[in-house]
Structure formats: C-alpha cells, structure tokens
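Novice: Modelling step: build the complete structure from the supplied sequences, incorporating the hints.
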Amino acid sequence: MREKIKSALLILLVGMSLLQSYFLAYNIPDFNITNEAESSYIQTDLKGTEETVGNLLQPEQMILHFGENRHTLLYPETQFYDLIFQRLKGRTFDGFQRLSSIRVDWKEVRADFKGVEIRFNQGIPMNLLSQMMQIQGEIALESDTINRIWIFMNNNKEDDVRTLFGNEEGTFIYESTKADLTVKDLEEFVGFGEYQTPYTWEIGDYYLPTEPVKIVKYRLPYEEFTPEQMQKSLFPDPETTRALPEQDGSVIYTDSKRGLRVKTATKWISYTDPIAPVDSRNDIPQNLVASVQFVNRHGGWNGKFLLRDTAGNDNMGDGNEFVFQQYYGSYPIVSDEKTDFGYMRLNAQKGVVSAYERSLLTMESPVVEKMQMTLVGGDVLKNRMLQQPTASPVRFVYPAYVPRLTKEFIELTPAWVVESPDGTRHILR
1 MREKIKSALL ILLVGMSLLQ SYFLAYNIPD FNITNEAESS YIQTDLKGTE ETVGNLLQPE
61 QMILHFGENR HTLLYPETQF YDLIFQRLKG RTFDGFQRLS SIRVDWKEVR ADFKGVEIRF
121 NQGIPMNLLS QMMQIQGEIA LESDTINRIW IFMNNNKEDD VRTLFGNEEG TFIYESTKAD
181 LTVKDLEEFV GFGEYQTPYT WEIGDYYLPT EPVKIVKYRL PYEEFTPEQM QKSLFPDPET
241 TRALPEQDGS VIYTDSKRGL RVKTATKWIS YTDPIAPVDS RNDIPQNLVA SVQFVNRHGG
301 WNGKFLLRDT AGNDNMGDGN EFVFQQYYGS YPIVSDEKTD FGYMRLNAQK GVVSAYERSL
361 LTMESPVVEK MQMTLVGGDV LKNRMLQQPT ASPVRFVYPA YVPRLTKEFI ELTPAWVVES
421 PDGTRHILR
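Residue numbers are given in the UniProt record's numbering: position 361 of the sequence shown equals residue 361, and the series is strictly consecutive.
To be clear, the hints were calculated from the coordinates, so they are not data collected in a lab. Glycine included, each C-beta is placed from N, C-alpha and C at the ideal position. Each hint can be trusted.
Calculated lysine to aspartate or glutamate pairs in the DMTMM-like style (CA-CA distance at most 20 Å, straight line):
#1 K114 / E194
#2 K304 / E50
#3 K157 / E108
Taking CB as the label site, the calculated pair distances span:
#4 Q372 / Q97: 46 to 52 Å
#5 A265 / M371: 24 to 30 Å
#6 K184 / T374: 32 to 38 Å
#7 A111 / Q86: 26 to 32 Å
#8 E364 / G204: 38 to 44 Å
#9 A111 / V183: 14 to 20 Å
#10 T210 / D159: 30 to 36 Å
#11 M371 / T210: 22 to 28 Å
#12 E364 / V251: 23 to 29 Å
#13 Q97 / K184: 21 to 27 Å
#14 A265 / T78: 33 to 39 Å
Specialist: Here's what the structure looks like:
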C-alpha cells in the first residue's frame, strides 16, 4: 500500500514539475519595462528608409573620353554608369605614388587618350573614398580631398593603363601604380558610350552637349511629416517643449536646450542641439556615420540621396557639415529661391549631430503624370548661358529637376543648372 502511495506522489511531483517547466518556457515575464515617454521617443511613427554611408557615396558625373576630342557624360541611375561604377568598385587600387602636377599634360590626356574620368562635385576625402572603392595602403587613411579620378590608356606605352587621383586645382596628384585594370577593361567602358549624346569640352573645364537632351517631367503625390511627429522624434520628452510663434509664420519649439524651427510656408525644419566646441581635430568618417544614422532614426531618407559636400560652415558651428543632395532618377533636385526641397544638411562633432535641416515633404508613388521635354544643347545652350545676368566662372553645367509644390503634388521640371566654383547654382530659365 505504501509503495502505491509513493508511486502516486512521484507521478504527481513529476507532473507538477513538467507543468512548471511549461509556464517558465512559454510565459516568461517581461523584464524590459520601459518608461512610456522614453518608448514613444525611440519608436516614432516617422516612416522612412534607412541608408548606409556606402550607398550615399557616388560620383556626380562620369565622363568617357574617346580620343580625337570626343566625349560623352553618364549620370547616376543610368545603365552604363551603373555598370562601370560597379566594375570599378570591385577592383583594387594600390601602389600609390605622389606626382607633381606638371608631369601630367591634362590637355593631351583629355583630347587624345581613351579613358574614364570620374568627378565628385565638391570633392571627397580619401579616407571616405576608401569606403566606396577598394583603395589599399596607408593612402586610404589620408584626408586629402579628391575631386576626380582619371583612368586612361597610355598611348605612348602599349598595354599600359594609368590611374590618377587628384584635386580640381591640380595641386596634387596620386597615381595608383597597381590598379586592377586593363586596356581591355577601358576599351569596354569607352565602348558603352559610343551611341550616347556627344559633349564638347569648354574653357573652364566643363562639358556641354552638342545636341538637345530629352528628359521627362514628372508630377508626383507627396506626404508630409507634422511638426508633432518631428517633436516626438527629436526631443527626449516632447511634453516639456514650448512653442514660440514668429512674425513670418514660423514656429520654434524648444525645451531650453534644443530648438526646432518649422517654416510652415515652405515645409522646412531646422533642428539644433548645441555642443560645446572641442579643440581636437574632427574625424570626417566618424561624423559622417553619425549623420547618416541620425537621419535613419529621425525621418529616414525617403528617396535617393548622394553626399554632395563635406565642407565646414560657420553658420552651423564647429565640426563637419554634410550636405546630401536628393536625386530623382539620374538628376539632382535643385530648388529655386521660393522652395526649400531636395537636400538635407547636418553638422556633427565628435560623432554627435548638432544641427539637422530637411524638408517635411516626402515624394510618393505612383507617378501621377509624366511628359517628355527637351533641354536645348549646342550653340543654343551656350547663348542662353551668355544671356544670364551673373558673370561668375562656370564649374559644372548639368540637367536637374526644379521642384514646384502644389496643394496635392510636387512637380519636377527639367532645367539646365550652371554651378560656380563656390557651389552657387543658377537655374537657366
């Protein structure tokens, strides 16, 4: 009898143990208790795509040189640009040597040698370029700013390809003596451009098409972030902020440390979080990563952007300033004086973002309307440039989209843009 009771008790204990194990496995208590205000700050309802630094680093122009003074230009998001760029990203560049600029006859190289020229708008530090391309050796740590990479066949030496990295002023040039590129590669690259629009080189070192260029005009719907959404995203405790209306209709939200200015007329925000200046040198890659991650967390990218500038700006304080240019398809979106749209600007110091500017508007799909347009080329374009009131030197001339905001849509109208050496841009009407 006792043995039967013991067996029954043992079975009961085993059953209770199994039941307890079940509850522990499937009913684990949540120890990650978070403060409601903190949770609402971190998990915002701002939708937006995230990006990495590598996706934001691309050259604005790719020039194919055919020899005999013939050239063409390729822009991002076009078939042959993407194909060549992906090939170059997969090759290694090593054995760097510094050259004197007088050892390179650029006029001869441009006119007579077949090759590929890659241009960055405002230049990119070598230590950032090494995140985009496979640059080997200590040169990858240098901060010298690179504006162009020129890869060309050496007509004076059979089966020889030269690869030069330099700045726009020509004050320094690095040559990669161990670049993983062959004459066959360059022949293929140049061949991609044979049936593209021809361009001519102009004094001032820019290129113009010899014939009209066809570009599509678009009309797209848009969505808008609200000031409340931005407050919730940018302030640790939005409940402590107060609103200060301005005479021009703008509103400043502040918690006594941070400030968020909302320009209601143009749907533009400027956020500041002051940081005490430091004497030590800023690290551009570190600050760039911080800026990209900041956008990822506070609104996202919602479109294609490329890093346009890494220059400093006294108006935004110490540290590194980064300007990201928005693109639609192959061309940048360049606003006129009436519109704030088409770029983001951030300032970062020691890996901390202290300023953030962007539009509240995000373009959506599908396209509501599109229409083929033609931009003038050749002598007509040259004459139109001469008729402009500004007489600044010309650095670049390129197609762009000029945005116009209506109550329901954003219209993107193609136009030629003339850019000066200081970065000032003028839209040709």
